[in-house]
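Visitor: Now for the letters of each chain:
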Amino acid sequence: MESKSSLILSDEPTTRCWSCGTMRATHFCNACGKVQPAVPVDFFTFFGFPRKLELDTASLEKEFYALSRRLHPDVFAQAAPQERTWSLEQSSRLNDAYRTLKDPIKRTEYLLRLEGVELSEQSKQGTEKARATGELKKQVVPEDLLEEVFELNMHLEELRAQKKAGEDDPALLEEIGKAKLSLEEKYDALFNELKQDWRKWDAAVDSGTEEDRKKILGQMLDVLNRRNYVRNLVRDVNEALE
Amino acid sequence: MSSSHIVGIDLGTTNSLVAYMQGETPAVIPGEDGSNLVPSVVALDGNNQVIVGNPARNYLIETPDHAVYSVKRLMGRGVEDIQEELKFFPFRLADDLQPGEVLRIKIGQRDYTPPEISAFVLRQLKRNAERFFGGTVTKAVITVPAYFNDAQRQATKDAGRIAGLDVLRLVNEPTAASLAYGLEKRKNGIVAVYDLGGGTFDISILKLHDGIFEVVATNGDTHLGGDDIDNLLITIALDDIRGDLGLDLRRSGEAVQRIRQAVIEAKIALSSQPSTKLDVELPGGKRYQREISREMFEQLIQPVIDRTVGPTKQALKDARLKPNQIDEVVLVGGSTRIPKVRQLVQGLFGRTPHTDLNPDEVVALGAAVQANILGGGSAVTKEMLLLDVTPLSLGIEVAGGVTDKIILRNSTIPASATQYYTTQVDGQTNVAIHVLQGERELARDCRSLARFDLKGVPPMVAGMPRIEVKFLIDANGILHVSAREQRSGKEAEIEVQPSYGLTDEQVEKMLLDSFDYAEEDFRQRQMIEARREADTILAALAKGKKNPAWQELTSAERSNAENLEKALVAAEDGDDYQAIRKAIDALNAGTMHLAELMMDTAVSAALKGKAMDDTGLDEEAPQAGHPVGKAEFK
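Those protein sequences? They're chains A and B, same order as listed.
Here the first sequence is numbered in the numbering used here, starting from 1 and rising by one per residue.
Here the second sequence is numbered in the numbering used here, starting from 1 and rising by one per residue.
Heads up, some of the hints might be wrong.
What the hints assert, rightly or not - Sample of chain B residues lacking proximity to chain A, with all beta carbon distances greater than 10 Å (derived):
#1 Pro90
#2 Glu298
#3 Ala475
Unchecked claim - Pairs of lysine-lysine, BS3-like flavour, derived with a Cα cap of 30 Å:
#4 B:Lys340 / A:Lys102
#5 B:Lys470 / A:Lys106
#6 B:Lys317 / B:Lys340
By construction, these hints were calculated from the structure, which means they are not laboratory data.
Every residue gets a Cβ at the ideal spot worked out from N, C-alpha and C, and that includes glycine.
Turn these sequences into a full structure, and let the hints steer you where they fit.
Guide: Listed below in structure tokens is the structure:
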């Protein structure tokens, strides 16, 4: 591990190319093609995309490869130290952006944060942390799942008790299996619901009001939370079944 | 700088190689003995001269405490990590080693850290390349197991620096192999590289797309390889010997090394034969003999090779691919020559693996390709670009001893993450950060990379400072950290305490020491050569004195020659090689006339039809020109 302070982004991005002095673009100078110091832009802007959620992953990949060929440190192995540093900054940013945008859930979560929405504690990380520390995590059961979850938890309780006693109840296993299947269907359905919201969001970016956009952001947050909740349930079921 | 002088190095557990791009194809540079492989064995001879490679292997048997092998297993590790290793490898730790300190291994009476020992091997490879090119080599790409953590990578980079090499890039071994494979095949598709070497196992899954080599997932075990198979066989042999011959040889370094060489030969034989015989001569004259069938061997190694299954499945899962979606499986590493290993891979992927590549050389060849790319590329490599990943998640310790993962494994590198910290107490000026690497949820189960102290935080009310810490994993897979307090804009000073590594100062010192040693080596070599030359000229003079020509010299010439002879003998007793050289030159000049006279005698003898050997000239006195001329040493 090495410590360096030169990797910090400059707060005052210059608008001119460091090398030839003409107006620069985000990554390279339009005039001389030299790599430029990274400017703190969001991941959508980095790729030159609008802040929209329906994204063609094939063209994202194509753009990622094209930018990699120009920004990767391998291309700058023989360059001056300063350019090498900028290449390192730019290509790490490129990889971070690509990683985030190519994954539909990460992309949605990223947009929510960009728009100032605080993701709830029900995030995967929050859950894992709670599991590791044994802290009780506050979870609000989505209303449409109340009944199902109540029943499932009873079954799981029963299953654990039986396991301890070394008993085996095929009927119970079947019940739990059915519930799991239903949850998995719900999980997929929630993803489709999220995709609907993407379309609404993208439309609102073009022509909606501030209020429209806020409302859609709220809906997406709700879908993500419910989806996380279902995912955690499925995991609990899998663990109990093991 | 010509890219042909950036070399690719495979610094292996068992063997190391150096390669370069010869026009459009990568080629391994052989050593002076003509061998492509330099065994990663380092020994000290009786004069504490460092011996590397094949010659060092003899020391393993003759003076086992003056030689080490498989040091790669110790790179970037602490004393508490290597208890398993100590059971099976004859590593002798330095007597004064403190817990938490970088390991030091004894070779003979001297102590060396693993990076220093690896540097000896690297320096040998550097020498081989310099001899081959007839010029200096200072830049290199060095390969590391894909699953190496930050400390192991840093240790490898340190080794390069100590050897006087500017390490342009650390490349993951399976990825390097894929470069050599891709250069040859020029095909798009998904490739899995299964790399089982002497001490490490890696599995990498790559997407090859128009010259882009994108690693999708990687996994592995940095302590799994051919060494483990050898150790199994050694253990059985030692048990046998104890049972059958009543000899406990576990503590006998010499016997264990003899057995080790025998089981390695047997292991290799069993890849092509249904059975083989172990036959070892033990110290004391007894013999240990035993027949091993391939069936028995396969049963024995099954648990070892089964350990590659978990990582392989995890890599597929991480890549979100089913085995049938892999277009080609490439085998790398000497241990993949074992038929049972090939069978296992075939079972895992449901296809016959690609075995056309030389599993011992392909990693070095790939490193040469990457070296060429970094040197600016050539016609064949200019479209090639490697996008590798970090094998392990990077995390920081948060409240409750939990790991908060900030860069997940299999993220394309370079990768970065920014975290914000604040203070808990009014006026607090230090914030401690504990950086971890690994997949486990609790900090204590992950690998501790370093503890950072952010110093110089401007005193403010608790919770007020906003310290931005940026973690960046570079293209070598090595972490860089920088920090800044945002409200004041002040850059925080970072104090790094690597958990298992050398500080920059230590590496610098070792580099300087190595120069000192190199100078010492150089001086010693000059002494040996000057003395040899002096002996030759003195012997030639002694012969010349018996020649009739000696009597033809004036008495002044004769006494002058004898005085110069005495001066050279005196200089030989000293330890100044330059003084010896001066005395040699003086004697040479002082016997010029003698040489001419002897030559005349020889020529007239030849004219009279006499045989040359009657002139008193033989091979010890060169037949043309100066009879006591300079000897040529190669």
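Visitor: Compare the structure with each hint and give your call.
Guide: Each hint tested on the structure:
1. Pro90: Since the minimum Cβ distance to chain A is about 31 Å, Pro90 (chain B) lies beyond 10 Å and the statement holds.
2. Glu298: It holds; Glu298 (chain B) is separated from chain A by about 32 Å at its closest Cβ, greater than 10 Å.
3. Ala475: violated (5 Å)
4. B:Lys340 / A:Lys102: violated (40 Å)
5. B:Lys470 / A:Lys106: Holds: Lys470 (chain B) and Lys106 (chain A) sit about 20 Å apart, inside 30 Å.
6. B:Lys317 / B:Lys340: Status holds; Cα separation ~24 Å.
Checked against the numbered hints above, the structure violates hints 3, 4; every other hint is satisfied.
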